[in-house]
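Chains as they are written, first to last, in my numbering: chain Y, 267 to 744; chain U, 267 to 744.
To be clear, the hints were calculated from the coordinates, so they are not data collected in a lab. The reader is advised that the hints may include incorrect statements.
For chains that are exact copies, the list does not tell them apart, and a pair is met inside one copy or across any two.
Calculated lysine to any residue pairs in the SDA-like style (CA-CA distance at most 20 Å, straight line) [to be verified]: (1) K640 / T490; (2) K640 / V655; (3) K640 / Q557; (4) K543 / D679; (5) K302 / G561; (6) K636 / E542.
Protein chains: 2
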Amino acid sequence: MAAPSEFLQYIDDKADAFIQRLADAVGIPSISGDAKRRGDVIKMAKWLNDQLTALGVETKFVDLGKQELDGQILDLPPAVLGKIGSDAAKKTVLIYGHFDVQPALKSDGWNTDPFTLVVNKEDGQLVGRGSSDDKGPILGWLNVLQYHHENKRPLPVNIKFCFEGMEESGSEGLDELVERESKPGGYFEGVDCVCISDNYWLNDRTPCLTYGLRGLTYFKVTVTGPGRDLHSGVFGRTVHEPMTDLIHLMGRLVDPTGKILVPGVDEMVPPADEEEKAIYKALDYSIADVQSAAGGEVALSSDKVEVLMGRMRNPSLSLHGIEGAFSEPGAKTVIPAKVSGKFSIRLVPPQTPEAVDPLVITYLKSEFAKLNSKNTLIIDNLHGGKPWVADHKHWNFEAAKKATRAVYKQEPDLTREGGSIPVTLTFAESLGVNVLLLPMGRGDDGAHSTNEKLDRSNFIEGSKLLGTYLYELAAIAK
Amino acid sequence: MAAPSEFLQYIDDKADAFIQRLADAVGIPSISGDAKRRGDVIKMAKWLNDQLTALGVETKFVDLGKQELDGQILDLPPAVLGKIGSDAAKKTVLIYGHFDVQPALKSDGWNTDPFTLVVNKEDGQLVGRGSSDDKGPILGWLNVLQYHHENKRPLPVNIKFCFEGMEESGSEGLDELVERESKPGGYFEGVDCVCISDNYWLNDRTPCLTYGLRGLTYFKVTVTGPGRDLHSGVFGRTVHEPMTDLIHLMGRLVDPTGKILVPGVDEMVPPADEEEKAIYKALDYSIADVQSAAGGEVALSSDKVEVLMGRMRNPSLSLHGIEGAFSEPGAKTVIPAKVSGKFSIRLVPPQTPEAVDPLVITYLKSEFAKLNSKNTLIIDNLHGGKPWVADHKHWNFEAAKKATRAVYKQEPDLTREGGSIPVTLTFAESLGVNVLLLPMGRGDDGAHSTNEKLDRSNFIEGSKLLGTYLYELAAIAK
């Protein structure tokens, strides 16, 4: 069942208004990882709830409890649940998205204020924090709802919504909610399949469906000893410097080729056989695409399959930075008293945080012991999530393939993704139904980066894709 | 010739007013390394000039030219020169100080606003950025001048002043000024000796005179490759990550025992013989003092002589931090595109920046080449200065020893200091006269650190010491 042409036309006609709504959403700096912005995350929850109710969705806020952040006890932002349609003859799809965003400061290297959406007429880019991750896709669903609401058309399927405001900070409180509401009598009872639009095409030209995600485990490793910051002239070569110890530890986690040096972590993953390698070889993706998206000729290998496997089916370890050291411009001659290195490991099956974390902790302790330092080591695991892989021949995926062909006149790439959306696995395990990742944005959108953008065409055609997927879902045989 | 008892009494009587003047000076955030604060450094120069002229000193500003900082072209803060007295029968002493300060943010861990002097009645501490380094000592000289000016007493010596506003940022422009004005016909013509109060006692109880300083060379090592910050999920294990490369490089500079790993740097310094070690053994200083000043039990050794030599006569390498990486609280999963590691080496004779810098640069390039990274390495030397050692049996030192005995009833420690005041060497070499370092503050003052303080007694007794030194200087045979 194709989507009505009237629907497709409506999306085109309303494009400017939809972009204005995206600007409104981007204008709320809903950074979940920053205690000072917690009010904005809650404001964003209310904004989204207002939008949904205005479009005929019956909603409710769910209190997710409290959290300790930066030494404060904070209310977690509420989840926003919604439902529209209850026709027993129709399938029921659960749609997930998140309305929080990554931190962003103009001084990070943004060309424009991160929280003012800039509509670039020349290249069609919509630039702003959250434009692609994940406010654009959420608003794609609003666009679909608006057509049906304004034109009094019934939706082809029943929809349940689950929107959260803590995705960029470990989805705190959400697992419990999903598990609880997935039980008989819960809010998600009767859901036939799940659709999540929170990742990206491999490249900038070929739509894709995603059936795998890496997991994550995020560590903060603190070294401390002196009671306060010290003058390097007065104390250099008299005390154990926390930075020296920390840099030595961080340098033993990953080598410059990307190999993880924590014993047993890389080794947990079986090597790919020739059949699996053939899948990566077939994808519409090249080293040039990787480098174009990265903005530099810095691919780890000139072998496409190796680079794609590095992203999709191998674990990775990235060093993100150091809290507490001198990070400003200029030349300060300080010995910082307490420094915390941040790093995370992306996990792939069969790795889990439960299996990997003890290896990391044991290794860090043992390497720190080798330094013979009088400083103190503190290891915190900030958050984690398991990896996930789905059946990409399920009818949920088949509906999305049909929708992609209809809107984009292209066969979608079938990908596994390097990022982590831990709740994907929670939905799959709690509901026992198929979960589809149906991305809206392109591989070069710069989620989590400076100058994050969503292409206008991806926002508009993507909204058509989401709507068309619902019609294909209604038509396909279970 | 002892100082008049009337002078000593005057300093005691005026203590509260002197502390208020220190509060005024600390209130001007004259951070030379921060382009945004350049106006405050210039404001501080004017404030100091007003104080000097009000006390009868004939002054002038000297334009030191321009500077590039954080991508801007800025006026350097002017030097403030002054002279008082021109009696050919008296000795002429040149007094140096600096009115700029290190950066400080409350968020660095200060208990109170760094730029509001807090007078702690309980322990007598005067807490604020620059209280000890170096506004307190400069104001000590003002206190001495004020006694003579108000009471219409002639100073026992002629004084010339040289105050600068770039000491914490490489003393840009000052070397040329000192060299020019030290020539015949220059402003400093006729100077018999130099006195600088810009360092600290070894401990918190024994005054000291300092006859040696370490030099410094400060590096910024940048690794860049990607065009922008990247999402670690999407790019982890596909690209050469600048942080991984930089951390590996930084980990190869110094080992956790303080040994410098750049070949040839430690080796340049001859080992101490038993006679030299005996000097360090005699100093009033213990491992407990080091650890008390550091605020933690983190001394590199339990051998006092080894720890003191690490500070006074051996080079040291400290890793200060990383610019461009994730440095905030929270858990951002970013691959930073461009990261700059900051480190500096404290130098001792016969090391010089000219001899050490090429070794560092060659080593960094060679270690980076071993990483086989496609990223780019950029090495900047931000500033440097040679080490310095003076004759501590000179009459300039003898006058200071007498003054110390008179004010503190103690024999001063004779120390070499771990910090760097590059202009010390410039004065010594340009003028060809003896330079004395006569500190006001204690070893635990926390210069360059959080909660920097000057003890009230050091400010007041230190002001007496400076004045008494001038009287002893007048009396001693050349």
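Checking K543 and D679: alpha-carbon separation at most 20 Å within a copy, between copies, both or neither? within (15 Å within a copy, 72 Å between copies)
Could you place K640 and T490 in one of the four classes (within, between, both, neither) given a Cα distance threshold of 20 Å? Answer is within: at 9 Å inside a copy they meet the 20 Å cutoff, but 34 Å across does not.
With identical chains, the pair K640 and V655 could be close in the same copy or across copies; at 20 Å between alpha carbons, which is it: within, between, both, or neither? The answer is neither: 45 Å in one copy and 32 Å across copies each exceed 20 Å.
Same-copy or cross-copy closeness of K636 to E542 [CA-CA at most 20 Å]: neither (40 Å within a copy, 33 Å between copies)
When Cα atoms must be at most 20 Å apart, do K302 and G561 count as within-copy, between-copy, both, or neither? neither (32 Å within a copy, 31 Å between copies)
Using 20 Å as the alpha carbon limit, work out where K640 and Q557 are close: within a copy, between copies, both or neither. between (43 Å within a copy, 11 Å between copies)
The earlier numbered hints that this structure contradicts are 2, 5 and 6.
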